[in-house]
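Number of protein chains: 2
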Amino acid sequence: MSATTGVRVLAFDTFGTVTDWFTGISGAVGAELPAVDAAEFTREWRRRYGPILARVEAGDLGWRGLDDLQTETLADVASEFGVTVDDDTARRLVRAWRIIPGWPDAAPGLRRLATGFTVCALSNGSVALLTEMAKHNDFAWDFIGGSDLWHHYKPARETYCGLAELMEAEPHEVMMVATHQTDLDAARSYGLRSAFVERPDEWGGAPKDDAGSADNDLHATDLLDLAAQLGV
Amino acid sequence: MSATTGVRVLAFDTFGTVTDWFTGISGAVGAELPAVDAAEFTREWRRRYGPILARVEAGDLGWRGLDDLQTETLADVASEFGVTVDDDTARRLVRAWRIIPGWPDAAPGLRRLATGFTVCALSNGSVALLTEMAKHNDFAWDFIGGSDLWHHYKPARETYCGLAELMEAEPHEVMMVATHQTDLDAARSYGLRSAFVERPDEWGGAPKDDAGSADNDLHATDLLDLAAQLGV
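Chains as they are written, first to last, in the working numbering: chain Z, 1345 to 1576; chain H, 1345 to 1576.
In short, the hints are calculated from the structure, not lab data. Treat each hint with caution, since some may be false.
[As the list claims (entries may be wrong)] Facing chain Z, according to a computed beta carbon distance under 8 Å, are these residues of chain H, among others:
1. 1462
2. 1471
3. 1475
4. 1510
[Stated by the list, open to error] Each pair of labels, with its calculated beta carbon distance range:
5. 1375(Z) x 1352(H): 23 to 33 Å
6. 1431(Z) x 1349(H): 56 to 66 Å
7. 1391(Z) x 1509(H): 28 to 38 Å
8. 1569(H) x 1374(Z): 23 to 33 Å
9. 1460(H) x 1374(Z): 23 to 33 Å
10. 1443(H) x 1428(Z): 20 to 30 Å
11. 1448(Z) x 1349(H): 34 to 44 Å
12. 1426(H) x 1495(Z): 20 to 30 Å
13. 1553(H) x 1495(Z): 51 to 61 Å
14. 1559(Z) x 1460(H): 38 to 48 Å
[Said to hold, decoys possible] In silico contact screen, one side only, chain H against chain Z (beta carbon under 10 Å); selected entries:
15. 1409
16. 1411
17. 1412
18. 1413
19. 1470
20. 1472
21. 1479
22. 1484
23. 1488
24. 1493
25. 1509
26. 1511
27. 1512
28. 1513
29. 1548
Predicted model, so just to flag it, every value in this text is computed and none were measured. Glycine included, C-beta positions come from ideal geometry on N, C-alpha and C.
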């Protein structure tokens, strides 16, 4: 049995894996906050993303949607950089995460993968955020798994297993696709397959670990390579 | 303000409104149960659909998915028609609801509507059922609202308002589109807009009430007419 036998559903991380948040957000920061180093500001904002989601999962914060968390971390970063961000500016910057561009291979890759698999977003964004992102980028999702469906954030079990359940699939019939090994390790721990996708430019020139892991079932250079490896 | 001002999201009933269950299911029944009148068997099966869903909403039956309910009502209809349906045949007939054909205007109509609106399924089918139906018919859903997201069946409030919440929309920004006035009346009672779509052949030659109601915001002959009325 090959590493991909029986896989019916592909579940994609979005921020970084199918979309280029650095380009989208650094562009928005540059336009809204011309006094700061947009690249560094963007990276610092993104670094605060995982930890605050983890606080929700730890029960340290009650459930709240990603936009609210991004608004909180934006205020923290602005304070660190010594700039004032008014409410309207904050709203525009938080909304900018909905229209970040896809990597060039993302839309054609998803369309090709959808010919042989059920392709789903499985993201910490909300359903509405991901729907707007998909329309903006012409992503051919068959289904959008947003964190508000479960009121949980990856790497919580409820997200991976929740998507499998909605797809009426066994966990081993679902393959998580991400450019972050922590996401794939969690998915594997709940019985999903895993595919690493290299995104060397995710952090806009700052180092990105694209080594993946020998534990993954597949390792691809982009979504078109993934499609080729999956035989579609 | 026109009847459609501010509408951003279109929520579609599926069985009957975008898909032709009579043709799909009567074909499957004819193939699996050659001894029965396939058209009458199919209509009788469909007549039992609403009542058993209502028993779940009334609390008379605990939550269970549509496939399980369809399996129960299939057994009842088979008994009424005096035929035996073994488990494998029942499974094939219940699964046939996933691949019923779209009305000819459905796929092109949804694609056109998606250029100006967020188009969602809002159906009593499961997410997996609706995903398979969409892939089979090339329906360009932006999001699939299946009953298993809420463990409720239309016309329960949780479905209409649940979809609006996931879309981060106010109820009046969502328009329910259906060929069944009861569905539209419920949607309107929760603040959604409503559009009736005529489907005179829904019951395969048996009478179908396509009068709609003056309470609806729109009345369309098919999805292409709906698109024209909505200006896309």
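Verification of the hints:
The closest approach between the C-beta of residue 1462(H) and any C-beta of chain Z is roughly 6 Å, which is under the 8 Å cut-off, so the hint is satisfied. Hint status for residue 1471(H) relative to chain Z: holds, with the closest Cβ pair at about 4 Å, below 8 Å. This hint holds: residue 1475(H) has a C-beta 5 Å from the nearest C-beta of chain Z, less than the 8 Å allowed. Using the Cβ-Cβ criterion of 8 Å, the hint placing residue 1510(H) at the interface with chain Z is satisfied: the shortest such distance is roughly 4 Å.
For residue 1375(Z) and residue 1352(H), the Cβ-Cβ distance of about 25 Å falls inside the hinted range of 23 to 33 Å, so the restraint holds. Hint check: residue 1431(Z) to residue 1349(H), Cβ distance near 27 Å, so the stated range 56 to 66 Å is violated. Separated by about 30 Å at the C-beta atoms, residue 1391(Z) and residue 1509(H) satisfy the suggested range of 28 to 38 Å. A hinted range of 23 to 33 Å for the beta carbons of residue 1569(H) and residue 1374(Z) is inconsistent with their spacing of about 46 Å.
Range check, residue 1460(H) to residue 1374(Z): about 31 Å between beta-carbon atoms, so the 23 to 33 Å window is met. At roughly 57 Å, the beta carbons of residue 1443(H) and residue 1428(Z) sit outside the given window of 20 to 30 Å. Roughly 38 Å separates the CB atoms of residue 1448(Z) and residue 1349(H), a value that falls within the hinted 34 to 44 Å. Look at residue 1426(H) against residue 1495(Z): about 49 Å separates their beta carbons, and that is not inside 20 to 30 Å.
For the hinted restraint 51 to 61 Å between residue 1553(H) and residue 1495(Z), the CB-CB distance of approximately 41 Å leaves it violated. Range check, residue 1559(Z) to residue 1460(H): about 45 Å between beta-carbon atoms, so the 38 to 48 Å window is met. Restraint check, residue 1409(H) versus chain Z: the minimum CB separation of about 9 Å is within 10 Å; hint holds. For residue 1411(H), the interface hint holds, the least distance from its beta-carbon to any beta-carbon of chain Z being 9 Å, beneath 10 Å.
The interface hint given for residue 1412(H) is violated, since its Cβ lies 12 Å from the closest Cβ of chain Z, which is over the 10 Å cut-off. With 10 Å as the threshold, the beta carbon of residue 1413(H) stays out of range of chain Z, its nearest partner Cβ sitting at about 15 Å, so the hint is violated. Interface restraint check: residue 1470(H) against chain Z, minimum CB-CB distance 7 Å, threshold 10 Å, status holds. Below 10 Å, beta-carbon pairs count as interface contacts, and residue 1472(H) has one with chain Z at about 4 Å; its hint therefore holds.
A distance limit of 10 Å between C-beta atoms decides the matter here; for residue 1479(H) the minimum to chain Z is near 6 Å, and the interface restraint holds. For residue 1484(H), the shortest C-beta to C-beta distance to chain Z is roughly 9 Å, which falls under 10 Å, so the interface hint holds. Against a cut-off of 10 Å between C-beta atoms, the interface hint on residue 1488(H) holds, since the closest Cβ of chain Z lies about 6 Å away. For residue 1493(H), the interface hint holds, since its Cβ comes within 10 Å of a Cβ in chain Z; the closest pair sits about 7 Å apart.
The closest approach between the C-beta of residue 1509(H) and any C-beta of chain Z is roughly 8 Å, which is under the 10 Å cut-off, so the hint is satisfied. With its C-beta approaching chain Z no nearer than about 5 Å, residue 1511(H) sits inside the 10 Å limit, and its interface hint holds. Interface hint at residue 1512(H): satisfied, since its Cβ lies 4 Å from the closest Cβ of chain Z, which is below the 10 Å cut-off. Given hint, residue 1513(H) at the interface with chain Z, holds; its Cβ is 8 Å from that chain's nearest Cβ, closer than 10 Å.
About 29 Å separates the beta-carbon of residue 1548(H) from the nearest beta-carbon of chain Z, more than 10 Å, and the hint is not met.
When each numbered hint is compared with the structure, violations occur for hints 6, 8, 10, 12, 13, 17, 18 and 29.
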